[in-house]
Every structure is written in structure tokens, then in C-alpha cells.
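2 protein chains.
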Amino acid sequence: MKAIILFGHGARDNRWREPFDRLVGLWREQNPNTPVELAFLEMMQPSLEEAVAALVSKDANEIIVVPVFFGQGGHLRNDFPVLLESCQKQFPGVKLSATPAVGEDLAVLQAIVDFGARAL
Amino acid sequence: MKAIILFGHGARDNRWREPFDRLVGLWREQNPNTPVELAFLEMMQPSLEEAVAALVSKDANEIIVVPVFFGQGGHLRNDFPVLLESCQKQFPGVKLSATPAVGEDLAVLQAIVDFGARAL
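Here the protein sequences come in this chain order: A and B. Residue numbers in the first sequence follow the numbering used here, run continuously in steps of one, and reach 122 at the last position. Residue numbers in the second sequence follow the numbering used here, run continuously in steps of one, and reach 122 at the last position.
Hints listed in this document are in silico derivations from the structure and should not be mistaken for laboratory results. Errors might be hidden in some of the hints.
What the hints assert, rightly or not - Output of the computed footprint for chain A on chain B, the stretches with three or more beta carbons under 8 angstroms from beta carbons of chain A:
1) 18-28
2) 32-43
3) 60-70
4) 91-97
Glycine residues also receive a C-beta, built at the ideal position from the N, C-alpha and C atoms.
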């Protein structure tokens, strides 16, 4: 079974995660057969490792990690691949992969432009 | 004349800004009569103050700042209002306002969910 992890940066202020919780809600409504978990790089729980463990316990054998980041800087180019590889070693029975950051997607960028245009 | 600033966090790695440059390109194609500038909270140029100055020099008298952030944590709840107020004091002839973070917008969140679903 495939599953998905929405992977964000994390922040000290717990209210920062509100859009991530909304993303999970939307995902569950629209893709009820594909389990989803959030995971955070730092300052918030669960970690990527904890999210993988949770999905493996629900019988996921293929997990796609979606980095909910705009830009691909040091976190995604350096920290994230190391973290993903470490998770893969810990859970050899599951196939882990990752998409590009959501900020690479034209439809996401277009939605941001539309949001700005509506504010004019 | 109205103008817009797309305001991001900034990062050490210059490649992080690529989606922001794409956002500006999309904006200019689609809203050619509304000048746009990027601005960054930290680690990248221009600052919010520099972007406001650039738009004022193009005769903008109303500037809407769109925070290109997912979550509203300490940066947007604490640092950003102070920065915006400081810019307003420096440029009393322009009306500055801000939208919520783009991560508050349902269409932006939906585009992220769609991106994840296409990766399944």
C-alpha cells in the first residue's frame, strides 16, 4: 500500500502548523485510501522517522515524501537526502521516495499569483 | 498606482529563491500593469524596505505585501508587523497593507494536495 508524508520545516510557534493540519484534512477527504502523515525537519513533531514508522505500522510498503517547502536550499539539498537515506536504512522493507519541493510546481505557483491578484 | 511585494523568508543558498523568481515572472506576464518586487525577511536581498523604496520610485502609492510563507508563526506574527510599520513610517506617502500568508489560502493548499496526488 502506498502512503504519503507531507514534510515541512517546523517552527517554534505551534500555530505555524495550522495549514499543514488543513493539508492533511484535505488529503484525507480526497484520498481516503492513501494514508497520510505530517513530518517536520525541526522544532515540531513527528520527525520523518516517526512518520515513516507510523505508516509502516499501517502496512505501507511505499511511501512518497512531499517536501512542503517553497525553495530548494540547504535543508532540501543537504539535510533532507541524508534524513531520507537514514530512514530507508531503518525501514528496509518500505520503498521511500521523494518528490521535488511543492514550490517547483507551476500550479502551486499559479495559485499564489492568483491569491495576490485577488488582493488588488 | 497599486503595486505588490512577494515577501519570502530568504535562505543562505541562492538557489532557494528560484520559485520566487518564477512567481515574479508569472506575475509580470499576467498583471503587467501592477509592478511587483520580491522582498526577503533575512539572508537575501532586497529587504522589505528596499522593495518599498523601489516601488515608490515607480510612483506606487498603494503597496500590498503578500507573505509567501506556509504557516503564520513568529516571523509573521511578530517580526513582520514591526517591519511593515517601520516601512510605513519611512514612506508616509504610500499606503502599505498585507494579506494573510499564502498558506492560509485554500486554493494554494489544494494545489499542494493535487501535486502530491499526482505523485502516487
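Which constraints among the numbered hints does this structure fail? Numbers only, ascending. 4
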